[in-house]
Structure formats: C-alpha cells, structure tokens
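K.L.:
Starting from the structure of chain A, add chains B and C where the hints point.
Chains as they are written, first to last, in this note's numbering: chain A, 1 to 299; chain B, 300 to 529; chain C, 530 to 854.
Any given hint might turn out to be false.
[To be verified] Pairwise CB distance ranges (calculated):
#1 A:68 with C:622: 53 to 61 Å
#2 C:553 with A:127: 44 to 52 Å
#3 A:270 with B:312: 43 to 51 Å
#4 C:635 with B:356: 42 to 50 Å
#5 A:271 with C:713: 41 to 49 Å
#6 C:681 with A:87: 41 to 49 Å
#7 C:703 with A:270: 37 to 45 Å
[As the list claims (entries may be wrong)] Only pairs whose alpha carbons sit at most 30 Å apart, straight line, appear in this in silico DSS-like list of lysine-lysine:
#8 B:327 with B:356
#9 B:469 with B:406
#10 B:406 with B:476
#11 C:848 with B:406
#12 B:427 with C:850
#13 B:469 with B:414
#14 C:652 with A:176
#15 C:830 with B:427
#16 B:420 with C:846
#17 C:850 with B:425
#18 B:425 with C:848
#19 B:425 with C:846
#20 B:520 with B:309
[Said to hold, decoys possible] Some chain B residues well away from chain C (every beta-carbon gap over 10 Å; in silico):
#21 322
#22 325
#23 431
#24 432
#25 457
#26 459
#27 461
#28 515
Since the hints were made in silico from the structure, they are not lab data. The beta carbon of each residue, even a glycine, is placed where N, CA and C say it ideally should be.
Residue-level listing of the chains:
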Amino acid sequence: MPASALQGVYLSLVSGIGYGLIISLLAGGLSLIYGVMNNVNTSHGAFYMLGGFLTFFAVSSLHLPIVLSITFAFAAAFGLGLICLYVLIPRTMWVSSDPDSQNIVMILFLALAQVLQRGVFILYGGGSVAVPSILFGSIALPGDVFISYQTVISIAISILCYAALFIFLRDSKIGKAIRAFSQDRELAEAMGVRVSTIALMTFGLGVSLAALSGALLSSIYSVTATTGWNELVIAFVIVTFGGIGSISGSFLGGLVYGIVYSITQYYLPAYSFVIALVLIYIVLITKPTGILGEIIERA
Amino acid sequence: MLRVEGLEKKFGGLTALSKVDINVDKGKIYGLIGPNGSGKTTLLNLVTGVLKPSRGKIYVKNVDVTGKPPHVITRMGLSRTFQIPRIFPELTVEENLLAVRRESISKDRLDEMLKLVDLTKLRASKAKSLGYGQRKDLELARAIALDTDLLFLDEPMAGLHGSTIQIISKQILTLNKEMGKTLVIIEHHLEELMQLTDYVFVLDHGEKIEEGEPDVIRSSKAVHRAYFGA
Amino acid sequence: MKGLESSSHTPWPSRINIRDINFIIFLVSIASSIIIFLADKPYLKFIMMYFFAYSIYTASWDLLYSYSGQLSLGQAMPFGLGAFFTIMLTQLAKLPLVPSAILGTLAAAAVGGSIGATTIRLKPGYQGIALLLFSQVLYWLSLIAYGEEGVSIFTETPPSETTIYLTGLTLFVLSMFAIYMIHNSNYKLKLLAIKGDNLAADVCGINVRFHKVIVLYLSSLLAGLAGTYYGIFTSHADFSIFAVPNSFLPIGMAIIGGIGFLGGPIIGSAVVSVIINILPIWYSLAITYFAYGIIVILILKLRPTGIMGFLQRSARKEKSKVAKG
Chain A
1 MPASALQGVY LSLVSGIGYG LIISLLAGGL SLIYGVMNNV NTSHGAFYML GGFLTFFAVS
61 SLHLPIVLSI TFAFAAAFGL GLICLYVLIP RTMWVSSDPD SQNIVMILFL ALAQVLQRGV
121 FILYGGGSVA VPSILFGSIA LPGDVFISYQ TVISIAISIL CYAALFIFLR DSKIGKAIRA
181 FSQDRELAEA MGVRVSTIAL MTFGLGVSLA ALSGALLSSI YSVTATTGWN ELVIAFVIVT
241 FGGIGSISGS FLGGLVYGIV YSITQYYLPA YSFVIALVLI YIVLITKPTG ILGEIIERA
Chain B
300 MLRVEGLEKK FGGLTALSKV DINVDKGKIY GLIGPNGSGK TTLLNLVTGV LKPSRGKIYV
360 KNVDVTGKPP HVITRMGLSR TFQIPRIFPE LTVEENLLAV RRESISKDRL DEMLKLVDLT
420 KLRASKAKSL GYGQRKDLEL ARAIALDTDL LFLDEPMAGL HGSTIQIISK QILTLNKEMG
480 KTLVIIEHHL EELMQLTDYV FVLDHGEKIE EGEPDVIRSS KAVHRAYFGA
Chain C
530 MKGLESSSHT PWPSRINIRD INFIIFLVSI ASSIIIFLAD KPYLKFIMMY FFAYSIYTAS
590 WDLLYSYSGQ LSLGQAMPFG LGAFFTIMLT QLAKLPLVPS AILGTLAAAA VGGSIGATTI
650 RLKPGYQGIA LLLFSQVLYW LSLIAYGEEG VSIFTETPPS ETTIYLTGLT LFVLSMFAIY
710 MIHNSNYKLK LLAIKGDNLA ADVCGINVRF HKVIVLYLSS LLAGLAGTYY GIFTSHADFS
770 IFAVPNSFLP IGMAIIGGIG FLGGPIIGSA VVSVIINILP IWYSLAITYF AYGIIVILIL
830 KLRPTGIMGF LQRSARKEKS KVAKG
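Extracted from the complex, chain A is given alone in its bound form:
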C-alpha cells in the first residue's frame, strides 16, 4: 500500500478507537440498564441526542465553560432519567420479570423518545448543533498523522469514566448494591436492598452515560433532533457482543466496533454506515455470542 493510504488507514484507526471508546460509554449505560433492570431502554439514543443538546444549551444559553457544560449534561440527564422512570413506568415494571412487561416498557420508552425528539425539535429546529471543543488544535502522532486534542481529551475522559464506573460499582455502597442485585435479586432484596432505589440509580446512571457519550461526540460530530436511532442500534449490538450487564464487555465491544467501522468508512465512505448496520444485523441474527450468550431462546 502506498504511504498515504497506510496513513489513511492509520488515521481511521486512531479516530475509530476514539469513537469506539466514547460510544462504548453509551453501550455501557444500556448494558447496565438491561443487566440490572432486565429492560431494553429504547430511549437510550434519545438521551444520547439530549446529551449533545444539553451541552449546547449550557454553552450557548448558560454560558458555562465547556467542561462544566458536559458535566451539566451528565447531571441533567441523570435527573431527567430519574424523573422519566418515576413518572412513566409503573413501579412493578421497573425490573421486568416477563416478556409482556418488557414489551410494555419498551413501548413506553419508545414513546418517551418520540416526545424528547419532538420536544428538542420544537426548541431547536431540525438543524444540527455542534459543541465547541475543549481544546483546539491537534497533536502529531508518529507517522505524520494528526489527531485533534478534542479526540484525545474525549478518549481520556472516556477511560476516566470507565475507571470511575468500575470503582463506583466495586466500592461504593450503591454500586455494591447494584452488583448484588444483578447477581441474585432475591438475596439482595432479602438483605435489605430496595428494588426501587436500585432501579432509579441504575437508570439514571445509564442514561447519563448515554448523554455523556453524546456530549463528547457532539464536539467531533454534530447532533440533530433526529439523531440517536443509529446510536441505539449500535449500543445494542455492542451490548450483545460484550455481554449484557458486563461493563468491560461493552468497553471491548465498543473498541472493536470503532475499529471495524472506521476501516469500513475508509474504504467505502458512502455506504459505511449501511454496511455497519447490516453486519450488526447479521451478528444479532446468527449465533450472537455475548459473554453470556443468553439471547436465543431455547425451543
């Protein structure tokens, strides 16, 4: 391959890893929600979109510095997530025990996504919105390839977040309760862990991760009111691949996805997304081996 082509692949790979890491935050959130609450959050993509818009709002209307804006987006999404779960979903369905309940929750979340999307559309119109970078400029990597500071910072933030999440789940009181609950529901309840608290915390955390992902990525790519459905699907397949409820699985899965996607994009830019989706579809349909691999029903 000629030097420039090699460079092209290299550059794609680097940005792909960056993209993959950030998107894995989104997937991690979905994985958390599905793993703990046994519900598919079909509004996850909408919260991703919201993350971008909340950041934009904080920057343009609240005039907060960019880092604070991203934090604002994270916190606001958390609060919004709590409210939505509390108001929208009947308490008995917060943790689903059967497919009927799961279906109804998915429909409710889908309706929520519609409302959120249209709401944002009413406020901001259909145009795209981009958030300023934390730091402008780029670094030179070996091989004469440039990567923007923003990408590097976003990667750093993602890794930091994963570390924080990991420590949170391992050491904090709520984190331990969440893990105990997802491993053995009855035992955890018997030991005094309250289902409703766990569900609220998990959902809030899950969607705020989605929003964070959106906040970070909206500085690299832009978001519109209708963004989010692709991201939902991507997150879903990463979760499938990495295993439901496995945070490290989402991390790895996101990386893999980012790399595969960027390589596809390098060779076939126009169709890259479609190809990615089709590949995802095939993964879902044929034996998708997550680390848990519990997807295909028996009989």
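P.N.:
Frame of chain A, contents of chains B and C only:
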C-alpha cells in the same frame, strides 16, 4: 411404545444424563424416581424434544425422533405435563383445551375432560385466574385433549396434599384403565407412586441405577443408598 | 361452538360479546367514508385516505403483537417497502398502476416476512430492536439511493380521486374482514397459545416457529398493502417513510384505539388521521407529533386498554344496569 438408547446429555462440563436405556411398553403405568438432581426432568425434556441429546437415540413407536422438535414428537403420540404448570394464561380453561386440538372435538368429549379434572364450573374463566392445584388439573386435561397414547406426568402430586393426592391417583388410574393410556410418572411421593405403578425406573446422578417392579425397588440396596446415603 | 364465539383475548373477566361494539365501529367507519365521499369535500377525503392506510397499517402491527406476541419496532419496513416497490415499478418497469401495486405489495410482504422470519428465535426485546435496525438500514439505503426527494409515481393515466378513494375503502373493508376472520377462528386460539407460552405451545403439538413466521408474513402483507396505498394517494415516497417515528405510528394508534380489539386500529387511526391533518393548521408538525407522543403515554398510563377498552366497560355497565332492571 417408547425406547431410549444410550441417552446422554451434557451441559458444558456437567453431565446431566449418561448412558440411559429405557423401554416403555404399551398399557402400563411406569414410575421414574430418583433424588433431586438425578436427571429425571432432563430425561423428560430430552424425550419430549425440549432438549437435544448429546448422544443416544430416542424412539417413539419405533420411529427415530432423536433431535426432533417438541411439536413433532407430540404429534407422534407423546404428551406431558410440567412440574410447575405452564398453562396459557390469557385463554379460558375451555380454550386451553381447544387450542391444542388439531381436529374438532365434540361438546360431549370436551365436557367429559373438564369433568375428569373437575373444572367444569370454571370452564369460561381465564386460566391465569386459576390457583396452583387447578392449573395442574388444567394441564392434565390439556395433555389428555391431545389424544396421545403416551403421557408423561412431571410430579403431578407436587405441592398438593392428602385428599387431593387421592384424587390425582384416581385420575391416573382412570387414564390408564379406562382410557388405555400408557403413563410415565415422575414423582417424589414414593409410597403413592409404588402403589400406582407396574414398573419403576430409578435414576441417580444421571445414571439408571435400578429398574423393576415396585417390590423390587422397595427392597433394593442401590435405591436406598441413592436416597439415604450409605 | 358457543364457547368459541364469545371468546375474547382481552383481559376482561366477563364474557360479554365485544364483537358487537367492534362491529358497530366498523359499520360507523364505512358509513362515514361513504358520507364523506358523497359530501365531496376534498380535504375530508384526503383525511379519509390517511385513515384507510393507517387502519390497515395499525391492524398489521396489532395482529403481530396481540395475536402472536411478537413486538415489532420496525413495522415501517414493510410499510415503506410497499410504497417504494410500487412507485419504483411504475418508474423503472413502467408498469401501469394496478399491477405495480399488486406486485409492490407482494414484494413488500415477501421481504418483510423473510426478514422478520430471521428474528423469531430472538428474545422479545432483541426481536423488536432487530426489526428497528433493519428499517434503519432501509432508511439509509433509500437516502443514499434516492436522496432527500425520494421517488414519485410515474403514470400516464393518473387515476381519479374517486378511484383512489373507493379503492382505499375497498382495501379497508377487505383487510378488516380478513382480521375478523382470524379473530373468530380456532387459529386465533393457537396463536394466543403461542403468545402465552412458546414452550408449552410447542410441547402441545403446535408448530410454534411455523405459525410465528406465517403471522409475520401476514403482518408484512397488510403493512405492505397499507404502504402501497399510502404511496399511491401521496404519489410519493422518500427515505423518511422508514424512519423510526413511522414505526412508532401504528404502535401509538393501536394503543389509543385499544390493543387487541378488532375496532382498536379503526378508532386509533381515525383519531390520529384527524389529529395529524388538523392540528398542523394551527400548530407546527413537530408540536403535533409531540402532542401525539404525550397522548400515547397518557393513554398507556391511565387507560391502557385504550378507547375500545373504555367503550367496552361502558357497555358492560349498561348491560348490568339493564340486567338489574
């Protein structure tokens, strides 16, 4: 009627069933017993097609049905109940029976089945409103509605007591003596089972350790060891 | 059998024959269609065309969900394919409208059903998302292939508004009749058994996979038919027909009308057809759909059985009042 040869089932590293051979003849009542975890329900799941065997063969009426899906095996003449009843919750009691029929059924026969399990009064109630014992009755009636020659009952007496168990015993005898069905019953209520059955298979840790008529089983050292330890 | 006739699969403890209310709704809708036709107000006729398309579309989703327990979050796929295939056949193959429509619908049914068939072994959540995913694939493909303008019908002899209207009415009647046939059959019991417990149904001799696939094809056929008609009376199709909000549309309409009832799709699509054509006169489209989402959520939370459920309860109260005398 039913023949199982060298049946084995492994789940990853765990062997649930190994080298089991069983022969079920027409017209008798069989028992399948063994301590918890011995593989009885696994065997039932394999025979009914819910699970696929790792090794071995299953023959229903001398036809090889190994690996076939449940509905195919059921159509060959084998039906079953579940330990925890799996009824169709949104259908009424009546509809639960009608849904599984491939040919139409006369009102008389339907009434007869409902009467056998004492669900006539509840025939128009949704199945999900039934209590545990009634659900077991409904499952039994549904298995009968399938008009099969061979009927597997998975712990029909579980969770029931005293007089209800007597009723179940009577139902089982009716199924065999009057309706001519061959029955294989998994049970833990050993005394009742011994009184009902013509022949018993004993499993332990996935292997068949004994088989024979109830008297033989009662006095078998191997069976005692399996249940009570050395 | 009498027992069969009065059966319903809705969560009501009573054995009231709700066929009556459904039938009344059906008749009312036909009567309204005819009255509006005779009144000859073009705007009202246009709303009715939406009504015809959306009733069939909603019925297609409800069939899949209420009868076989399969949740589709991507019903826009066969719907959009119906519109696209039909229009493309007129453009590319230069076929006249009627053969294009027939082939287009069948093609949509074939593709939709086949894709759906690949998802039946997935857990419910996964199945819904997989179907959503595939409609996203089509969204992007059609955007790339046909741009934002999409495709328009090419026909040398455009049919008159009367023809389109009456065709819509006929399709509506036929589709509702087909659903009614299923609703009152023993086949419905089999489907509900599958929905109730896949494994138990299989063990009871029902070929679960086969029937799930059949219902998927049926559902895609109806959705494709709806999409074909939609493409014809709007004479246009573009990538937005595959967007997720369009997959949500039949779900919301079914919820508003009442999931699982024969009359549900009819009422739901009537309400929505009116809303999305009338509200934008004063408010924007975005506000309209925003309101739509809120309404669906409210109904799900306050009256989950929808308008039909409400009507049925009123009828029950009436009957018991009469009985008490």
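K.L.:
Each hint: holds or not?
P.N.:
Here is how each hint holds up against the structure:
1. Roughly 59 Å separates the CB atoms of residue 68 of chain A and residue 622 of chain C, a value that falls within the hinted 53 to 61 Å.
2. For the hinted restraint 44 to 52 Å between residue 553 of chain C and residue 127 of chain A, the CB-CB distance of approximately 48 Å keeps it satisfied.
3. Remark: the range hint 43 to 51 Å for residue 270 of chain A to residue 312 of chain B is upheld by a beta-carbon distance near 48 Å.
4. The hinted window of 42 to 50 Å between residue 635 of chain C and residue 356 of chain B holds, with their beta carbons roughly 44 Å apart.
5. The hinted range of 41 to 49 Å is satisfied by residue 271 of chain A and residue 713 of chain C, whose Cβ atoms lie roughly 47 Å apart.
6. At roughly 43 Å, the beta-carbon separation of residue 681 of chain C and residue 87 of chain A lies within the given 41 to 49 Å, and the hint holds.
7. At roughly 42 Å, the beta carbons of residue 703 of chain C and residue 270 of chain A sit within the given window of 37 to 45 Å.
8. Distance hint between residue 327 of chain B and residue 356 of chain B is fulfilled; the C-alpha atoms sit about 22 Å from each other, no more than 30 Å.
9. Of the supplied pair hints, the one linking residue 469 of chain B and residue 406 of chain B holds, its CA atoms being roughly 24 Å apart against a limit of 30 Å.
10. Taken as a hint, the residue 406 of chain B and residue 476 of chain B pair is honoured in the structure, with Cα atoms around 23 Å apart against an allowance of 30 Å.
11. The hinted pair formed by residue 848 of chain C and residue 406 of chain B meets the criterion: a straight-line CA distance of about 28 Å does not exceed 30 Å.
12. Restraint check for residue 427 of chain B and residue 850 of chain C: the C-alpha separation of about 28 Å stays at or below 30 Å, so the hint holds.
13. About 13 Å separates the Cα atoms of residue 469 of chain B and residue 414 of chain B, which keeps this hinted pair within 30 Å; it holds.
14. In summary, the hint linking residue 652 of chain C to residue 176 of chain A is supported, as the alpha carbons are separated by about 28 Å, within the 30 Å threshold.
15. Taken as a hint, the residue 830 of chain C and residue 427 of chain B pair is honoured in the structure, with Cα atoms around 23 Å apart against an allowance of 30 Å.
16. About 24 Å separates the Cα atoms of residue 420 of chain B and residue 846 of chain C, which keeps this hinted pair within 30 Å; it holds.
17. A hinted pair counts as satisfied when its Cα atoms are at most 30 Å apart, and residue 850 of chain C with residue 425 of chain B qualifies at roughly 24 Å.
18. For a cut-off of 30 Å, the pair hint linking residue 425 of chain B to residue 848 of chain C stands: about 21 Å separates their Cα positions.
19. Our distance criterion of 30 Å between C-alpha atoms is met by residue 425 of chain B and residue 846 of chain C, whose separation comes to about 21 Å.
20. For the given pair, residue 520 of chain B sits about 28 Å from residue 309 of chain B by alpha-carbon distance, which is consistent with the 30 Å threshold.
21. No Cβ of chain C comes within 10 Å of the Cβ of residue 322 of chain B; the nearest lies about 23 Å off, and the non-interface call holds.
22. Here residue 325 of chain B stays apart from chain C, with its beta-carbon at least about 20 Å from theirs, past the 10 Å limit.
23. Interface exclusion of residue 431 of chain B from chain C stands, the closest Cβ pair being 16 Å apart, more than 10 Å.
24. Residue 432 of chain B, annotated as away from the interface, keeps every beta carbon of chain C farther than 10 Å; the closest lies near 18 Å.
25. Every Cβ of chain C is farther than 10 Å from the Cβ of residue 457 of chain B; the closest lies at roughly 17 Å, confirming the non-interface assignment.
26. Here residue 459 of chain B stays apart from chain C, with its beta-carbon at least about 20 Å from theirs, past the 10 Å limit.
27. Against chain C, the non-interface label of residue 461 of chain B holds: every CB pair exceeds 10 Å, the least being about 28 Å.
28. No beta-carbon of chain C is positioned within 10 Å of the beta-carbon of residue 515 of chain B; the least distance is around 32 Å.
When held up to the earlier numbered hints, the structure conflicts with none and fits them all.
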